[in-house]
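Order-wise, the sequence lines are chains L and P. Going by my numbering, the residue at position 492 of the first sequence is 492; the numbering climbs one at a time, nothing skipped. Going by my numbering, the residue at position 15 of the second sequence is 1015; the numbering climbs one at a time, nothing skipped.
By construction, these hints were calculated from the structure, which means they are not laboratory data. Glycine included, each C-beta is placed from N, C-alpha and C at the ideal position. Watch out, some of these pointers could steer you wrong.
Said to hold, decoys possible - Okay, the calculated bits of chain L under chain P, using three or more residues with CB under 8 Å as the criterion:
(1) 148-161
(2) 254-266
(3) 325-334
(4) 476-488
What the hints assert, rightly or not - So the derived label-pair ranges between C-beta atoms look like this:
(5) P:P1177 <-> L:G172: 49 to 59 Å
(6) L:R324 <-> P:M1134: 46 to 56 Å
(7) P:G1299 <-> L:A412: 49 to 59 Å
(8) P:M1134 <-> L:Y179: 25 to 35 Å
(9) L:A305 <-> P:A1060: 52 to 62 Å
Stated by the list, open to error - Cβ-to-Cβ under 8 Å is the rule here; a few derived chain P residues that face chain L:
(10) M1128
(11) P1198
(12) L1208
(13) L1288
(14) G1299
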Amino acid sequence: MSRLAPPEVILTSRDDLIDVIAAQLQRGLRLALVAAHEDRRAGDDACFRVVHVLLGSAGERVEVVVEVPGTDAWLPTLAGVSFTAGRFEREMRDLYGIVPRDHPQPYRLVRHGHWPVSYHPMLAEADPHPDFGAAGGFPFAEVTGKGVYEIPVGPVHAGLIEPGHFRFSVVGETIVRMYQRLYFVHRGVEKLFEGRPVADGIALAERISGDTAVGHSLAYVMAVEDALAIAVPERDRLVRALLLECERLYNHINDLGAIVNDVGFGIVNQHAGRLRETLLRHNARLTGHRLLRGAIRIGGADLLAAPDLALIASVADQAAELVRISTDNPMVANRLNTTAILPQSHARQMGVLGYVARASGLGMDARAEHPFVDLGAGFRVVSRQDGDVRARFDVRAGEVDVSARLVADLAARIAALDPSAPVAVPFAQGAGLGVVEAWRGTLVHRVEVGADQVLTRVKVVDPSFSTWPALGIALADTIVPDFPLANKSFNMSYAGNDL
Amino acid sequence: MTIESLAVIVIHLALAVTLTPVLIGVMRTTRARLEGRVGGGVWQPWRDLRKLLSKQPTRAPGSTPVLTLAPILLMASSLMLCALIPLVSTVALPGVPGDLFVVVGVLLLGTVALALLGLESGTAFGGMGSSRHMVIAALVEPTVLLSIYALSVPAGTSALAAIVQARLADSASLLNPVSLLAIFALVVVVIAETGRLPVDNPSTHLELTMIHEAMILESGGRDLGWLELGSWLRLTALLGVVANLALPWGVGQDAAPLSLLVGVAAITVKLLVLGAALAAAEVFIAKLRLFRVPELLAGSFVMAFLSVSASYLVF
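Generate the whole structure from the sequences, applying the supplied hints.
Listed below in structure tokens is the structure:
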């Protein structure tokens, strides 16, 4: 309960990789993470080690490891057995230069147009400040036919949002195809982790995606604890669960208002903004930071003050009222219902996570599948079947309610326990995994710790990485003016996606 | 041309230009307060306008004179609209027909100027805004014509000033079904024509949902200032028509200073109250899905049509 199951490690070769992974997927496991590692042995050429992490809904954890010689860096593509794998492979090709052979979509993914040719920033000898040349072209699949026209949007948008380019092929007002080009915010986060002492990684993890400070820092420290075999006292685990729910609360309430604002119902957004601010100030009292930074440390977590349960309950009640006002308004309900449907079969195939998956009838939640603490009777997984904007709205509304109750339960349990002394970080080496249900969905970090408590590799997988491509599917046959609404109901992270 | 009718027109124009930013300010403030916000204040549109008009416009290389001409054309058509409509007094300029067909024609002139401006920028957004704008215009203009026409049947004239005069003389006709249906149809099309909720969201900056904002996206500085004022003036003119047709009391029937003064006060109060009511109603409604807007406008057309049919039965 308190820790992930130890991994079942399968060493395999390039020839058998597809069969091994396919067998694990057949068992019902999902590919959660693929991390490449550049291993250097004395006197030898560079050698890549690729770790595939598969997770199951009953807590199963399998690591499939394959070695790839540096001079002949290729892998058979897994895109035929898993859509997500195909995306991980494209990421790995751009960052490490390991070529997925026979990939059905051999286009760049992470690589920015300005990067020099065959520049792979994660390699040890890669120049951190290469000569950024002129941008190469980025061709889009052209939709042709009578009356088809293109609308390019972004990467700079009219609002204060992150950069992303969307290319719509439209007939009249109906979207025929939407192509998204993300990855304008590559900061080299994974590279920045390398060489840092484990304790210094927390501050970096908190800044991967500003709205998921707890999610990322928690997944990171849990991975480090898994690697170094650190046992975390129960009270600290309860505090972590509480912080996670606090983060979910303020983000979901903000989204509830923002979704409705996109149909012009501004009053709900104003009040959602007020509730969010109330929660942010409460966060500052809890941890000293409005975005809950600084509370989580390796081996524990601390609160500066006990949570104000009356405040949380009142915010949850008011949020429920806002939801009622929105969905009772026939004009708002008409805009949300049946807009941008993501069918369950597509959601499953694409490996969609979080509230998007739950709104399409996939009841996946790491809090149930890989729990690090028993959340008690107050916890339930909220899901809907319809997969439309309304379902994603309702899932968030349901989760606000569950989170508020969890905060109350957890606070009571925390108050009953005494804080324990901080755990000493042992000088050990190893690899570990952290799996957390952050507010956007299941977040996975895989950490390798070398000598002297120094990080040798951190691989971060934000749920946005798996969920982004599903937006294009949900948009099929949606009209252009409904795109902002559909996009807001997904609300994926750009920064968490592009590390 | 008499001095009196000239004075009335000058008063109409001066009133419209000074009152319009305040009207917009009152509408925004009403909405903000009802939503629990402080808002920018009643004078904010004035300040925005002053800022924009003192700025040099930035024009894209390769742009044609349409970019310069469209704001002028919109502004000219809006001012003409304000001059033709009996806002303060029904004293009309002799020789210039304040005919409803002329009014709708002038309105369309501004609509076309805006649509051309949207196309001029050559961006996908501008074209998208223009196409949506013209779809709505095509549905709105016939309804404006029909609904005012229904009111013109009992008056026996198509001149707006004369219709208002006739309604003022026979206040019992204000509440008959012909009048109510026509006024209701007119309110719906005024909302659509001026880009208010539920047809367009005047406060959105989401590129893909905009209609009006999409067309003026590439304009800046002085150009944008004139475009904003021109669009706002259309709102004043159309709300003024609705106000004076529905509640004609207070409109001056001669050019005597006292009746003009009463006329100015009456239309100011009517416009501000109507604007505030419109803004208050917007708080409770959301934007319609684009493909349902024609349903709404078709509904208002049917009402206008019924009103015309009824006007022949009644009179």
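Hints, verified against the model:
1. Judged by the Cβ-Cβ criterion of 8 Å, the segment 148-161 of chain L is covered by chain P as claimed, because 8 of its residues qualify and three suffice.
2. Residue count for the segment 254-266 of chain L with a Cβ under 8 Å from a Cβ of chain P: 6. That meets the three needed, and the coverage hint holds.
3. A stretch counts as covered by a chain when three or more of its residues have a beta carbon under 8 Å from one of that chain; for the segment 325-334 of chain L and chain P the count is 4, and the coverage holds.
4. For the segment 476-488 of chain L, the assignment as covered by chain P holds, since 6 residues bring a beta-carbon within under 8 Å of that chain's beta-carbons and 3 suffice.
5. Remark: the range hint 49 to 59 Å for P:P1177 to L:G172 is contradicted by a beta-carbon distance near 38 Å.
6. Between L:R324 and P:M1134 the beta carbons are some 39 Å apart, a value that contradicts the proposed interval 46 to 56 Å.
7. A hinted range of 49 to 59 Å for the beta carbons of P:G1299 and L:A412 is consistent with their spacing of about 56 Å.
8. As the Cβ distance of P:M1134 to L:Y179 is approximately 28 Å, the hint placing it in 25 to 35 Å holds.
9. Checking the proposed 52 to 62 Å range against L:A305 and P:A1060 shows it holds: the Cβ atoms sit about 55 Å from each other.
10. A distance limit of 8 Å between C-beta atoms decides the matter here; for P:M1128 the minimum to chain L is near 7 Å, and the interface restraint holds.
11. The interface hint given for P:P1198 is met, as the beta carbon of that residue sits about 6 Å from the closest beta carbon of chain L, less than 8 Å.
12. Interface restraint check: P:L1208 against chain L, minimum CB-CB distance 5 Å, threshold 8 Å, status holds.
13. Because the smallest distance between the Cβ of P:L1288 and any Cβ of chain L comes to about 7 Å, under 8 Å, the interface hint for this residue holds.
14. At its closest, the beta carbon of P:G1299 sits 15 Å from a beta carbon of chain L; the interface hint therefore is violated under the 8 Å criterion.
Of the numbered hints listed earlier, those contradicted by the structure are 5, 6, 14.
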